[in-house]
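Undergrad: Based on the hints, put chains B and C in the right spot on chain A.
Here is how the chains run, residue by residue.
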Amino acid sequence: MRGRMKFGIILLSGPYQHEGADTAYHFTKAALRRGHEMVGIFLYTDGVYVTNKNIVSPGHRNIAQMFDELGVSTKVVACGTCAKFRGMKQDMLSKNVKMGGMGALVQMVQDCDRVLVFGGG
Amino acid sequence: MKLHIVSEPASSRTDLRAAARVAEGALILIEDAVISAMEGAAGNELLAGLMASGVKVHALAPDLEARGIGKERLLPGVETVDYDGFVELVEKHEVVPWL
Amino acid sequence: MEAGTPSPNSVHEPSPCVLIIFRRPPFGSVMAVEGLRMAEALLAFQVPLKVVFSEDGVLCLLKGQGKGALEMGDIGKAFAGLASMGLPQLMVVKEDLEGRKLCAGDLVEAPLMMINTCDLRRLIGETKLVIPF
Numbered sequence: 001m002r003g004r005m006k007f008g009i010i011l012l013s014g015p016y017q018h019e020g021a022d023t024a025y026h027f028t029k030a031a032l033r034r035g036h037e038m039v040g041i042f043l044y045t046d047g048v049y050v051t052n053k054n055i056v057s058p059g060h061r062n063i064a065q066m067f068d069e070l071g072v073s074t075k076v077v078a079c080g081t082c083a084k085f086r087g088m089k090q091d092m093l094s095k096n097v098k099m100g101g102m103g104a105l106v107q108m109v110q111d112c113d114r115v116l117v118f119g120g121g
Numbered sequence: 001m002k003l004h005i006v007s008e009p010a011s012s013r014t015d016l017r018a019a020a021r022v023a024e025g026a027l028i029l030i031e032d033a034v035i036s037a038m039e040g041a042a043g044n045e046l047l048a049g050l051m052a053s054g055v056k057v058h059a060l061a062p063d064l065e066a067r068g069i070g071k072e073r074l075l076p077g078v079e080t081v082d083y084d085g086f087v088e089l090v091e092k093h094e095v096v097p098w099l
Numbered sequence: 001m002e003a004g005t006p007s008p009n010s011v012h013e014p015s016p017c018v019l020i021i022f023r024r025p026p027f028g029s030v031m032a033v034e035g036l037r038m039a040e041a042l043l044a045f046q047v048p049l050k051v052v053f054s055e056d057g058v059l060c061l062l063k064g065q066g067k068g069a070l071e072m073g074d075i076g077k078a079f080a081g082l083a084s085m086g087l088p089q090l091m092v093v094k095e096d097l098e099g100r101k102l103c104a105g106d107l108v109e110a111p112l113m114m115i116n117t118c119d120l121r122r123l124i125g126e127t128k129l130v131i132p133f
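Residue numbers (my numbering), protein chains in the order written: chain A, 1 to 121; chain B, 1 to 99; chain C, 1 to 133.
With the rest of the complex left out, here is chain A:
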C-alpha cells in the first residue's frame, strides 16, 4: 500500500435515487480503513439531499445517518447554493455536516491527491 494519501469526493446524486451515495460511503470507509485521509466530501447538486436529517427509512439503511457518521472522520460539506435551490435549510442538516461554498470545493481540489466524482445519473 502507498503512503497516506489525501482523497476527496464530489457527490452529485441524492439518497436512494442513484447508487452514487452508497458508493461514496463505502469508498470512504475503505479509504479510511487503508489509512488514508479523507479530506472531504463535497455534496453538490442533488448530493445535498443525503444530509437531510429528516430522512426516515423503515427497515432500510438510513443514508443521512451514514453520511452523518462519515462527518465524524471527514469534512462533509453541503454546497450552500445547491441547498438553497433545493429548499434545504441549515437546521435540516445532520449534526456532523456543514454548509459551505465553492471555496470549500476549491480548497479540496487543491489539497487532494485524488478527487473522485460519484452520482450523476
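Some clues are possibly wrong.
Derived lysine-lysine pairs resembling DSS-like cross-links, with alpha carbons at most 27 Å apart [as the list claims (entries may be wrong)]:
1) A:Lys29 with B:Lys92
2) B:Lys56 with C:Lys128
3) A:Lys95 with A:Lys75
4) A:Lys84 with C:Lys77
5) A:Lys29 with B:Lys56
6) A:Lys98 with A:Lys29
7) C:Lys63 with C:Lys94
8) C:Lys128 with B:Lys92
9) A:Lys6 with B:Lys92
10) C:Lys63 with C:Lys77
11) B:Lys71 with A:Lys29
12) B:Lys71 with A:Lys6
13) A:Lys75 with B:Lys92
14) A:Lys6 with C:Lys63
15) C:Lys77 with A:Lys29
16) A:Lys75 with C:Lys128
17) A:Lys89 with A:Lys75
Ranges of calculated distance between the beta carbons of each label pair, as one might list FRET restraints [unchecked claim]:
18) C:Gly68 with B:Ala48: 38 to 48 Å
19) C:Ser84 with B:Ala66: 45 to 55 Å
20) C:Met85 with B:Asn44: 23 to 33 Å
21) A:Gly3 with C:Arg122: 26 to 36 Å
22) B:Asp82 with C:Asp106: 43 to 53 Å
23) C:Glu126 with A:Leu32: 24 to 34 Å
24) C:Cys118 with A:Ser57: 13 to 23 Å
25) B:Thr14 with C:Ala104: 18 to 28 Å
26) A:Pro58 with B:Arg67: 42 to 52 Å
27) C:Gly64 with A:Gly87: 27 to 37 Å
The set of hints was computed from the structure by calculation and includes no laboratory data.
We treat Cβ as the ideally placed atom computed from N, Cα and C, and that holds for glycine.
TA: Frame of chain A; chains B and C shown alone:
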C-alpha cells in the same frame, strides 16, 4: 496511466464508449456498469478491445453480488475487486470518472 | 478561431491542474450549468483549468439558445464569458461537432480550439484532476 471509472452500462449510456476512446492504464466498472462485463452484454466488444490494447479491466464485486451476477458469467479477463481493491487502484492511478 | 489544431499544451504553459469535460447537452440535466459554476469558481480562485466540450457537450456552445418558454437562459454565452475570467480557450472535439453536422460557425463567438481525440487523450493523461459534467 489513469483509472477510468464507469458507472453506467453500455446498454443505456455512452460513458463506456467515451472512456474507451481515450483509456490507457486501467478501467473499473461500478454500480450498474458491472452488467456490461457479463458475457453477451452490450459493451463486451469495447471491453475486449480495451483488454487487447493492454488496459486492465475490473468490476466492483459488491455491485456484482448485489445484482446476483456470479463471476462465472463475466467476460474472461475481467478482474473483480472489493472496495479495498477499488481504493488500491485509486492509490496507483489518478482517476477519470465518466458520468 | 484559427485553422489547424495547435497543441493544447504548448511547452511554455504549465500542465493544467483541473480538466472539466462537458459531455452532456444543456438543460435536460443540471450537469452543464453546474459544471459551468464549478469552472467559474476554479477560475475565480485562479486554479489552473482547461475546459473541453465533447460528445453531446458540444451542443452547450450552440449559438442562439435561450428562446421559448423554458427560461433557461443562454449557456453558450455564459461559456463564452469564461474568457473574461481568464480561460484562454474552449476546446471542442472536432469529430463530435462534425458528427452532429455542426461546424465552428454554428457556435458562439468565443476563443475556440478544435482538438481531436488524440489531443483529448493526451490532455486527460497530463491533468491531475479530471471532472466530467
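Undergrad: If a hint holds in the structure, say so; if it does not, say that too.
TA: Going down the list of hints, with the structure as the test:
no.	hint	verdict
1	A:Lys29 with B:Lys92	holds (18 Å)
2	B:Lys56 with C:Lys128	holds (20 Å)
3	A:Lys95 with A:Lys75	holds (12 Å)
4	A:Lys84 with C:Lys77	holds (25 Å)
5	A:Lys29 with B:Lys56	holds (25 Å)
6	A:Lys98 with A:Lys29	holds (20 Å)
7	C:Lys63 with C:Lys94	holds (17 Å)
8	C:Lys128 with B:Lys92	holds (13 Å)
9	A:Lys6 with B:Lys92	holds (13 Å)
10	C:Lys63 with C:Lys77	holds (8 Å)
11	B:Lys71 with A:Lys29	holds (24 Å)
12	B:Lys71 with A:Lys6	violated (32 Å)
13	A:Lys75 with B:Lys92	holds (24 Å)
14	A:Lys6 with C:Lys63	violated (41 Å)
15	C:Lys77 with A:Lys29	violated (42 Å)
16	A:Lys75 with C:Lys128	holds (22 Å)
17	A:Lys89 with A:Lys75	holds (18 Å)
18	C:Gly68 with B:Ala48: 38 to 48 Å	holds (44 Å)
19	C:Ser84 with B:Ala66: 45 to 55 Å	holds (48 Å)
20	C:Met85 with B:Asn44: 23 to 33 Å	violated (44 Å)
21	A:Gly3 with C:Arg122: 26 to 36 Å	holds (29 Å)
22	B:Asp82 with C:Asp106: 43 to 53 Å	holds (47 Å)
23	C:Glu126 with A:Leu32: 24 to 34 Å	holds (30 Å)
24	C:Cys118 with A:Ser57: 13 to 23 Å	violated (48 Å)
25	B:Thr14 with C:Ala104: 18 to 28 Å	holds (23 Å)
26	A:Pro58 with B:Arg67: 42 to 52 Å	violated (24 Å)
27	C:Gly64 with A:Gly87: 27 to 37 Å	holds (33 Å)
The structure shown violates the earlier hints numbered 12, 14, 15, 20, 24 and 26.
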